[in-house]
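*Asks:* Sequence:
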Amino acid sequence: MRGGPSIKGASIDPPGFDAGKKIKGKKRHILVDTQGLLMHALVDSAGIQDRDGGVWVMATLFGLYPFLLKLYADGGDQGPRFQAGLRRACRQVDVEIVKRSDQASAVTAKGFTVLPKRWIVERTFAWLNRCRRLAKDWECHSRKALAFFHCASVRLRIRKLCQTVK
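Anchor point for the sequence shown: position 28 equals 592 in the working numbering, and the numbering is continuous, going up by one each time.
There may be inaccurate statements among the hints.
Label-pair distances were calculated between CB atoms; the ranges are [claimed, not checked]:
{"#": "1", "residue 1": "580", "residue 2": "642", "range": "20 to 30 Å"}
{"#": "2", "residue 1": "682", "residue 2": "583", "range": "19 to 29 Å"}
{"#": "3", "residue 1": "708", "residue 2": "658", "range": "32 to 42 Å"}
{"#": "4", "residue 1": "599", "residue 2": "660", "range": "17 to 27 Å"}
{"#": "5", "residue 1": "620", "residue 2": "581", "range": "30 to 40 Å"}
{"#": "6", "residue 1": "684", "residue 2": "612", "range": "19 to 29 Å"}
{"#": "7", "residue 1": "687", "residue 2": "625", "range": "19 to 29 Å"}
{"#": "8", "residue 1": "612", "residue 2": "644", "range": "33 to 43 Å"}
{"#": "9", "residue 1": "642", "residue 2": "697", "range": "26 to 36 Å"}
{"#": "10", "residue 1": "680", "residue 2": "584", "range": "19 to 29 Å"}
{"#": "11", "residue 1": "644", "residue 2": "723", "range": "13 to 23 Å"}
{"#": "12", "residue 1": "629", "residue 2": "722", "range": "29 to 39 Å"}
{"#": "13", "residue 1": "585", "residue 2": "687", "range": "10 to 20 Å"}
{"#": "14", "residue 1": "648", "residue 2": "699", "range": "29 to 39 Å"}
Rather than coming from a laboratory, the hints here were simulated on the basis of the structure. Beta carbons are placed, not taken as given, at the ideal position from N, Cα and C, and that holds for glycine.
All chains should be built: construct the whole structure from the sequences, respecting the hints.
*Replies:* Quick look at the structure:
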């Protein structure tokens, strides 16, 4: 074969590893509305912590949603670093941390407990992971993974709009 060496592997976004969730590859950080429809998303290495990804999501909104007043976040997003990053990005947003109660953690050892408001994001991930392309981490570039994530979100919105109310 003529020509120089191929640099195909050099342009691949590095996969990360999240030791807490035991995943290798990419992690998706999303912002959804109360219906569970995607408003904003970012894809990055799995080595990025959730609270850093949450700040990154809020910092990249660039005023897209000036009407955003309340934000629900999980227990991993508490702490001074997340709060400081959020204050820099969106001053008017009131953050409520959805924590597990002592009762919920005792019951979780025996079964599953739904936490208020937090299930909306988990449901959105479940809806979007029905798309085969998103079910596995096949993409080598984070921007391509984000593009397919947005395509799946558009598909989900169209299906919601086309549903007939009975």
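*Asks:* All the hints need checking, so say for each whether the structure fits it.
*Replies:* Results for each hint:
1. 580 / 642: 20 to 30 Å: Taking Cβ atoms as reference, residue 580 and residue 642 lie about 22 Å apart, which means the hint holds.
2. 682 / 583: 19 to 29 Å: At roughly 22 Å between Cβ atoms, residue 583 and residue 682 fall inside 19 to 29 Å, so the hint holds.
3. 708 / 658: 32 to 42 Å: holds (35 Å)
4. 599 / 660: 17 to 27 Å: holds (18 Å)
5. 620 / 581: 30 to 40 Å: violated (18 Å)
6. 684 / 612: 19 to 29 Å: 22 Å Cβ-Cβ, so the 19 to 29 Å window holds.
7. 687 / 625: 19 to 29 Å: 22 Å Cβ-Cβ, so the 19 to 29 Å window holds.
8. 612 / 644: 33 to 43 Å: violated (18 Å)
9. 642 / 697: 26 to 36 Å: Taking Cβ atoms as reference, residue 642 and residue 697 lie about 33 Å apart, which means the hint holds.
10. 680 / 584: 19 to 29 Å: Roughly 23 Å apart at Cβ, these two residues keep to the hinted range, so it holds.
11. 644 / 723: 13 to 23 Å: violated (41 Å)
12. 629 / 722: 29 to 39 Å: About 21 Å separates the Cβ atoms of residue 629 and residue 722, which means 29 to 39 Å is violated.
13. 585 / 687: 10 to 20 Å: holds (18 Å)
14. 648 / 699: 29 to 39 Å: holds (36 Å)
In the structure shown, a violation is registered for the earlier hints numbered 5, 8, 11 and 12, in ascending order.
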